[in-house]
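2 protein chains.
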Amino acid sequence: MTSSSWEEFFAVHLPPTDFEDNRSLLKEFCERHDQYGNKIVLVTSGGTTVPLEHNTVRFVDNFSAGTRGSASAEYFLEQGYAVIFMHRQKSLEPFTRHFSGQKLLDMLDIQERGPNTTITVKPDSVDVLAPVLLRYKAAHAAGAILYVSFTTVSEYFWLLRAACECLANLGPRAVLYLAAAVSDFYIPKDKVPTHKMQSGSGAPVIQLHLVPKMLAPLVNLWVPEAYVVSFKLETDENLLIPKARAALDKYKHKMVVANLLQTRHHRVILVSPEASQEIVLTREEVHAGVDIESAIVGEIVRLHAHHADAAPAPAPR
Amino acid sequence: MTSSSWEEFFAVHLPPTDFEDNRSLLKEFCERHDQYGNKIVLVTSGGTTVPLEHNTVRFVDNFSAGTRGSASAEYFLEQGYAVIFMHRQKSLEPFTRHFSGQKLLDMLDIQERGPNTTITVKPDSVDVLAPVLLRYKAAHAAGAILYVSFTTVSEYFWLLRAACECLANLGPRAVLYLAAAVSDFYIPKDKVPTHKMQSGSGAPVIQLHLVPKMLAPLVNLWVPEAYVVSFKLETDENLLIPKARAALDKYKHKMVVANLLQTRHHRVILVSPEASQEIVLTREEVHAGVDIESAIVGEIVRLHAHHADAAPAPAPR
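So the protein lines, in turn, are chains A and B. This note's numbering puts the first residue of the first sequence at 1, with every later residue one more than the last. This note's numbering puts the first residue of the second sequence at 1, with every later residue one more than the last.
Treat the hints loosely; a few may be bogus.
Claimed, not checked - Derived DEER-like restraints, expressed as beta-carbon distance ranges:
| # | chain 1 | residue 1 | chain 2 | residue 2 | range |
| --- | --- | --- | --- | --- | --- |
| 1 | A | A305 | B | A288 | 51 to 59 Å |
| 2 | A | D21 | B | L14 | 43 to 51 Å |
| 3 | B | A310 | A | D21 | 54 to 62 Å |
| 4 | A | A310 | B | D127 | 53 to 61 Å |
| 5 | A | K191 | B | A288 | 36 to 44 Å |
| 6 | A | E237 | B | K189 | 19 to 27 Å |
| 7 | A | A138 | B | F19 | 41 to 49 Å |
What the hints assert, rightly or not - Quick look at which bits of chain B chain A covers, simulated, 3 or more residues with Cβ under 8 Å:
| # | stretch |
| --- | --- |
| 8 | 60 to 68 |
| 9 | 84 to 95 |
| 10 | 103 to 117 |
| 11 | 129 to 142 |
Rather than coming from a laboratory, the hints here were simulated on the basis of the structure. Yeah, the Cβ is synthetic: ideal placement off N, Cα and C, and Gly gets one too.
Assemble the whole structure, with the sequences as input and the hints as a guide.
This is how it looks when you write it as structure tokens:
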């Protein structure tokens, strides 16, 4: 029932196999944008898994399609931020989130002329696709977005710490927008069986352990000057604000975006140490396809500007 | 620790909300193809989830991207079968499986001319996209594929039984290709908490229960004349064939496709009551991008033809 410390977690769980590659990518990305004086946001998105076996057939998953994170990344790009999009593999991504694979194939017309076959987007789909495609191409051409992905909670933590190490140099110009649904529970490495659990031996009992709260070292040690936003997803309205306030008291970061599972696409509450502010989409906005993330990001960008301006000028390097 | 009976499972777990819609679609699809004397295969694909809360934030998931099922569906279509593609929501689908969203966007060129803006597929991507697009369009135009989707193990079982009820009319012309990774374990409805588990109350213990083996009523009662293929995924080579044989002995169906998690993309063993046959891709085939599902489906189609021919002629209706 014990929750291990964060140092213990990193000591016991080895880095993922592609960790050094990702660390290089993060380093290059942050240094490049730091040079230009850009603001960088780390957007985490999607759920983490907790493997129940070493050869993973089964795992405990946290629900998250990546809707919030992938939409938010687009709005941060629009606001001129460089974006590290750290997401669960196969979860929704900025730009492509607007179109399922079938929807894209259905947009295409093929003109078969042997070696001169051409494929074009149907005229009535161009209106829908063109604006997204232009923003996608602009972001990629500018090198304004870096994609890194995780699956397990351990991979998530390794990447998170590596990203923080790079972002620390940006001081108050960095935003951490921690929208990923990270498991509160896990099974320590030495308690995970090697092979698939066999149903013949009866139904298993899974003993979960508490995951260390990484927000504590993140705020205090890893990126002490950054503007850190965490998320709180609950299903019980009565717990929502109290739990958001408790998190702010405990971790001393800048904001909790609090939301209920049932209404999260049209209502959130931005809770900061000083105030709390509700954002609600009207029925008309919902019907018109307005993303609530546009408003959330807009408000965070405004508050982040205050934060960055109020910070003492950086020492010359 | 008790495993409930399948009748009990359906009595306790209500049908999913879109169940009647899906049942109508299945009925219409089967009747239409039955009329033309077509063969129909039900391909199940992707993993099922077991919710740990009613307002689902967390669930236990079975690992499966849907690679096997989505590829196999394409090869069954190629062999002239009508395909019911019953898949986990967001898992891979036939045709679109070849291209991620980003890969598709990267294939596109945009020519901005205001209201006459056009979007075309880059010439060097046409070669890759055209054959898939043509097969996709042909299958859809012919109404040869029906997509139905599930998420939880309970939704899966409801859909499976409904599909069987429609397929029963086809007698031996139906194939069931049960490639989905169905959970062996679940938490009965009355044992699932309503709200999100709180980490403050310590780490929870999850008591899983055994899922009833639906293959028994499926083979004996629901589609007794169909050609039924199940799948066995193990991580331990020593268990592979014994467990496949044990399943055939117990359920009396036609074939188990046995595979190891580690090598499943280039090696499977088709185990039938009479024989077992290994299919292995050569290194060259793997490099050339050959799908092992092409060989699996080819062999099953051959055996199914024997099965259908050997069956007594249907009584006139």
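Hint numbers the structure violates, sorted upward? Per hint list: zero violations.
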